[in-house]
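Whole structure, please, built from the sequences with the hints as guidance.
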Amino acid sequence: MTVTSIVPVSVANISASQMSSNEIASTQIAGAAPNAIFDTLLDHLQNVNTQLVNTDKAVQQLASGETDNLHQVMISMEQTRLAFDLVLQVRNKVMDAYQEIMRMQV
Amino acid sequence: MSMFRVLDISSAGLSVEQARLEAASSNLANANTTRSASGAMYQPVTVVVGSQVVERALGMIQKPVVVDVVPTNAEPRMVYEPGHPDANEKGFVTKPGVDTLSTMMDLMSISRSYEANLRVFDITRTLLQKTLEVGSRS
Amino acid sequence: MGSLNASVVESISRELDVCAMKHEAYSANIANANVAGYERVEVSSSANTAQLSAPAAQLLHTHDAVKLDQEMAKLSSNAVRYEMLLTAYQQTAGILNLAIKEGRGA
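Protein chains in written order, with the working numbering: chain A, 1 to 106; chain B, 1 to 138; chain C, 1 to 106.
Careful: at least some of the hints might be erroneous.
Estimated spans, in silico, between C-beta atoms of each pair [to be verified]: (1) C/HIS61 - B/LEU132: 28 to 36 Å; (2) B/MET105 - C/SER7: 26 to 34 Å; (3) A/ILE101 - C/SER44: 55 to 63 Å.
These are calculated hints, taken from the structure and not from any lab test.
Quick caveat, the model's predicted, so the values are computed rather than measured.
For each residue, glycine too, the CB sits at the ideal point set by N, CA and C.
Given below as structure tokens:
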């Protein structure tokens with residue numbers, strides 16, 4: 001039986017017009033992966049910041065006697081703390097990963 | 001804050017029951033007097049209790065409030081005691097119109113209400129403390 | 001990241017709102033039990049599922065007088081439910097905290 005030879009595929013063989021726009025986009029994103037992580041982190045940090053601001057407002061209302069729900073304030077304080085903790089830990093991990101990569105001998 | 005309002009409502013209830021207690025015990029203590037220091041007879045009193053809307057509460061929440069302590073204007077009792085210094089010519093002594101039996105029943109209901117309000121106060125305090133402990137870890 | 005347990009916390013928080021309202025209603029009923037002509041108030045049962053955006057609307061005026069023992073029993077069981085909800089929240093938050101700290105504790 002005959003073995004059909006495998007034609008090696010190289011990027012040069014594929015013309016740009018044959019690529020769909022999705023494939024182009026994905027290669028671009030793949031090339032920009034590290035920045036995406038930092039952007040996501042920043043995004044989540046923004047969320048946590050918003051939570052912190054809201055919790056602050058709630059505590060102020062509590063102090064001035066306007067609020068009805070003590071349990072709401074306590075729960076949102078705890079939630080904010082957890083969210084902040086989470087972002088902090090993720091940030092630590094990302095930094096560790098980054099430093100490890102930087103330490104790699106080229 | 002609604003929990004703090006509950007403390008306020010319960011303590012209002014306690015105050016009202018205390019006022020009723022004072023009135024009832026005063027009536028009972030003076031049930032057999034015939035004259036006071038000024039010469040007039042003891043007038044049994046009753047407590048008028050009204051409801052007051054609690055501010056900043058959910059619309060219809062009210063707390064009890066002592067509106068007034070007024071004389072009952074009950075008819076004095078005539079008791080047959082011929083040897084009594086204050087007896088009239090027929091031997092009857094005029095005593096304050098206090099119905100001791102129903103006043104004793106009142107005391108029982110006052111006591112129950114007082115205890116109930118006290119328990120509510122206690123429970124509210126516990127709930128508040130538990131709420132404050134949210135988020136603290138051992 | 002918002003909160004990883006956001007949906008659970010949302011429903012616990014709503015139930016706590018209902019419990020707090022009920023507690024206030026029962027307490028007022030008990031305090032006003034001996035006021036002549038007082039009619040007891042209660043929180044409508046649809047408050048359990050509806051958004052509590054209009055808390056005043058959830059309070060119903062019944063045409064019954066207050067029965068002290070019954071009111072006390074309702075208040076007690078509602079208080080236990082309140083504590084149960086608080087505990088449920090603390091457990092959820094505790095597990096999340098454990099996950100964030102990777103089991104290394106507080």
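Inset, instruction - Against the earlier hints, flag every one the structure doesn't satisfy and list their numbers going up. - result: 2
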